[in-house]
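There are 2 protein chains.
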Amino acid sequence: MRDVAVVGIGINKWGELWEKSFRDIYVEAALAAINDAGVDHLDSMIIGCMSGGLFVGQEHLGSLMADYLGQKHLAASRVESACASGGLAFRHAFIEVASGISDIVMAAGIEKMTDVSGDGATYALATAADQEYEVFHGATFPGLYALMATAHMHKYGTTRDMLSAVAVKNHFNGSMNPFAQYPFKVTKEEVNDSVMVASPLRILDCSPITDGAAAVILTTVDIARKLGKPIIKVIGSGHATDSIALHQRPDITTLKATTVAAEKAFKMANKKIADINFAEVHDCFTIAEIIVTESLGFFPAGKGGEAALKGETGLEGKFPINTSGGLKSKGHPVGATGVAQIVEVVKQLRGTAENGRQLKKQPKVGMAQNMGGSGGSTLVHILEVA
Amino acid sequence: MRDVAVVGIGINKWGELWEKSFRDIYVEAALAAINDAGVDHLDSMIIGCMSGGLFVGQEHLGSLMADYLGQKHLAASRVESACASGGLAFRHAFIEVASGISDIVMAAGIEKMTDVSGDGATYALATAADQEYEVFHGATFPGLYALMATAHMHKYGTTRDMLSAVAVKNHFNGSMNPFAQYPFKVTKEEVNDSVMVASPLRILDCSPITDGAAAVILTTVDIARKLGKPIIKVIGSGHATDSIALHQRPDITTLKATTVAAEKAFKMANKKIADINFAEVHDCFTIAEIIVTESLGFFPAGKGGEAALKGETGLEGKFPINTSGGLKSKGHPVGATGVAQIVEVVKQLRGTAENGRQLKKQPKVGMAQNMGGSGGSTLVHILEVA
Numbered sequence: 001m002r003d004v005a006v007v008g009i010g011i012n013k014w015g016e017l018w019e020k021s022f023r024d025i026y027v028e029a030a031l032a033a034i035n036d037a038g039v040d041h042l043d044s045m046i047i048g049c050m051s052g053g054l055f056v057g058q059e060h061l062g063s064l065m066a067d068y069l070g071q072k073h074l075a076a077s078r079v080e081s082a083c084a085s086g087g088l089a090f091r092h093a094f095i096e097v098a099s100g101i102s103d104i105v106m107a108a109g110i111e112k113m114t115d116v117s118g119d120g121a122t123y124a125l126a127t128a129a130d131q132e133y134e135v136f137h138g139a140t141f142p143g144l145y146a147l148m149a150t151a152h153m154h155k156y157g158t159t160r161d162m163l164s165a166v167a168v169k170n171h172f173n174g175s176m177n178p179f180a181q182y183p184f185k186v187t188k189e190e191v192n193d194s195v196m197v198a199s200p201l202r203i204l205d206c207s208p209i210t211d212g213a214a215a216v217i218l219t220t221v222d223i224a225r226k227l228g229k230p231i232i233k234v235i236g237s238g239h240a241t242d243s244i245a246l247h248q249r250p251d252i253t254t255l256k257a258t259t260v261a262a263e264k265a266f267k268m269a270n271k272k273i274a275d276i277n278f279a280e281v282h283d284c285f286t287i288a289e290i291i292v293t294e295s296l297g298f299f300p301a302g303k304g305g306e307a308a309l310k311g312e313t314g315l316e317g318k319f320p321i322n323t324s325g326g327l328k329s330k331g332h333p334v335g336a337t338g339v340a341q342i343v344e345v346v347k348q349l350r351g352t353a354e355n356g357r358q359l360k361k362q363p364k365v366g367m368a369q370n371m372g373g374s375g376g377s378t379l380v381h382i383l384e385v386a
Numbered sequence: 001m002r003d004v005a006v007v008g009i010g011i012n013k014w015g016e017l018w019e020k021s022f023r024d025i026y027v028e029a030a031l032a033a034i035n036d037a038g039v040d041h042l043d044s045m046i047i048g049c050m051s052g053g054l055f056v057g058q059e060h061l062g063s064l065m066a067d068y069l070g071q072k073h074l075a076a077s078r079v080e081s082a083c084a085s086g087g088l089a090f091r092h093a094f095i096e097v098a099s100g101i102s103d104i105v106m107a108a109g110i111e112k113m114t115d116v117s118g119d120g121a122t123y124a125l126a127t128a129a130d131q132e133y134e135v136f137h138g139a140t141f142p143g144l145y146a147l148m149a150t151a152h153m154h155k156y157g158t159t160r161d162m163l164s165a166v167a168v169k170n171h172f173n174g175s176m177n178p179f180a181q182y183p184f185k186v187t188k189e190e191v192n193d194s195v196m197v198a199s200p201l202r203i204l205d206c207s208p209i210t211d212g213a214a215a216v217i218l219t220t221v222d223i224a225r226k227l228g229k230p231i232i233k234v235i236g237s238g239h240a241t242d243s244i245a246l247h248q249r250p251d252i253t254t255l256k257a258t259t260v261a262a263e264k265a266f267k268m269a270n271k272k273i274a275d276i277n278f279a280e281v282h283d284c285f286t287i288a289e290i291i292v293t294e295s296l297g298f299f300p301a302g303k304g305g306e307a308a309l310k311g312e313t314g315l316e317g318k319f320p321i322n323t324s325g326g327l328k329s330k331g332h333p334v335g336a337t338g339v340a341q342i343v344e345v346v347k348q349l350r351g352t353a354e355n356g357r358q359l360k361k362q363p364k365v366g367m368a369q370n371m372g373g374s375g376g377s378t379l380v381h382i383l384e385v386a
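Protein chains in written order, with this note's numbering: chain P, 1 to 386; chain E, 1 to 386.
For reference, chain P alone in the conformation it holds in the complex (with noise of 0.2 Å):
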């Protein structure tokens, strides 16, 4: 396998882009990274989406959006793995460029879920449970993360203050991410006092409905050389699944298939979790960051929550989380998030995160952590200044 490096980041102000359509929003991100990157042409683009078929009435995305960018004949492909749709882009493009089949890859993800009437969005979401055994008997996302909430607060004495202090957090490096969503600041009484979704989940605990596109340019190291860019290689890609449904897993207050990828990763890429500087992690809900900040192995388990409340996982903590502002205040356009975790990642490791949210320290090494559904899928990728 041949050393992969990111040379191009891109990604466009998210939001309800009610006067953007579909493909606008995929081109703008996609033109973006390839001026990002100085590439004169891609060998081939895989596109992270959930579902273009419900959100908007479009699937044949590679087609659609090769041709809009203007790449006549490109093999461009679409993936999908809910939640996690782009960081499973981002995994085939790695595999694509180290394979040697292809140089210069795109890995972008787009989602507009705006556009759909009534209870479509969650209609769609839900897609990602089980539709006969979890969908059907009418769970929804918010109602299977609370369960989760529950019982971890059941187990290890989790509370409202440590689910608040996420999203605190999470607002507060938003509110310096000028791509963000809601780039606005939250108090913990703001988070404490928002209307209940499903209990204990309130609404800012909850990540929000999201148009928005990302995009990276991947090549291999010599390449990477030849254009002159700081070299951000991928050392570690890992890719794991669970059971769909939430019921069939033996303990609902850990994310296995998080840690079955956080292994592969770390094996790949031959470092530990005290190796990461940084991460980005799939903050969903506030629930969903503690629990996956213990699945990585950040801290043993439920101890998350306690960690997050002690400004740990802040900007000057010991392992700062979601310096983006996460999924919580800069968006969650599904098929995006896992790409613009990249982008993230890619501007730490640079020393270019805008507005005073980059860390102090000049990290090294960063990761990104994104999953599908109520974790039934997890994509861990680490990346490295070489």
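Simulated from the structure, these hints should not be mistaken for lab results.
The model shown is predicted, which means the values in this text are computed figures rather than measured ones.
Hints are not guaranteed to be accurate.
Identical copies look the same in the list; a pair holds intra-copy or inter-copy alike.
To be verified - For lysine-lysine, the following BS3-like pairs were computed, each having C-alpha atoms within a straight-line distance of at most 27 Å:
no., residue 1, residue 2
1, K271, K72
2, K72, K264
3, K72, K272
4, K72, K256
5, K267, K72
6, K155, K72
7, K318, K364
8, K318, K256
9, K318, K233
10, K310, K361
11, K318, K267
12, K267, K303
13, K318, K271
Given the coordinates of chain P, work out where chain E should sit on it, guided by the hints.
Frame of chain P; chain E shown alone:
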């Protein structure tokens, strides 16, 4: 890149499978492939599916199918390129084995299309076209291929009888395929007199709506030898896209993405069209098979219809096409089709095609061409007996 071989194939009886669930259909084909290969584990699984969301309200297929296949924590991806999703799954599995990141990978395809009511299937399929510039204005696939047929007839003098010859041949071949949805023969008169769908295309020019799955196992040639399997090598893989909307192409009597994908596959395989002994091609409509055989180079532009009429694409012709019965008779569960083509190519190369449709002169090199939408994406693969 490592040399890659197909060591296992699996398919189930296609049709309107009311009595089987989405996951049942998948697992049936997947287990058949695992049994055929004799492997004791998988490193990864890649699933082609066009629209789990619109057809059965289920995305996140990697997690779902790994779970129901009993492959806990398996790395499992879903890929989509409309009706070329199966071919795309095969390509990504090929790249994954070639890269060295995984040794044993399943490429599988699935679609359950008959569970939607009303015009749900037509709507779901239409999302493979351009939603904003085609579908919104009422275009569906029979209409789009009817435009291509009309243009081809006008430019080259292609006739009704030439279209019918494709249907008669494919149903004849399919009558010998125990897995086909419609394993009956049809006469030229029956095709000519069948109900009009979109002039000049009649119902017997169209492939059906189908539930079904197919799976194949790819591994390295070294492992294939250890398994004691016939070595069916993947020697060429080509992938290309084109404008998703038909009206944006300079010439709708040819399929440029097919030509470009074939050129890429020929280059990798170091072969030319005359080296190909037979092919499975994407006959979603009879006119598609005619144009595809021209675009691949089997026949000059405008001569595909005449070749079909003369029997050159029959079992004993110069270039046997769709020995399986093609999409026309075998059925077209869109995500599974590209993988089922590989199943047939492997059967022919092994000399095990059922019920008398095995080619008399044992073939050494076969091709599969799988296409999305009105030709907006194409995958071409070339396989050879080592």
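Quick rundown of the hints versus the structure:
1. K271 x K72: Answer is between: at 25 Å across copies they meet the 27 Å cutoff, but 40 Å inside does not.
2. K72 x K264: Between copies only: 15 Å across chains, 36 Å inside a chain, cut-off 27 Å.
3. K72 x K272: For K72 and K272, only the inter-copy Cα distance (24 Å) is at most 27 Å; the intra-copy one is 43 Å.
4. K72 x K256: between (41 Å within a copy, 10 Å between copies)
5. K267 x K72: This pair counts as between: shortest inter-copy Cα distance 19 Å, intra-copy 39 Å.
6. K155 x K72: between (55 Å within a copy, 25 Å between copies)
7. K318 x K364: Within. Shortest intra-copy distance 14 Å satisfies the 27 Å Cα cut-off; inter-copy 61 Å does not.
8. K318 x K256: within (24 Å within a copy, 55 Å between copies)
9. K318 x K233: Classified as within; 23 Å inside a copy, 51 Å across copies.
10. K310 x K361: Within one copy, since 20 Å is at most 27 Å while 75 Å is not.
11. K318 x K267: within (23 Å within a copy, 52 Å between copies)
12. K267 x K303: within (25 Å within a copy, 56 Å between copies)
13. K318 x K271: within (17 Å within a copy, 57 Å between copies)
Comparing the model with each earlier hint shows no violations; every hint is respected.
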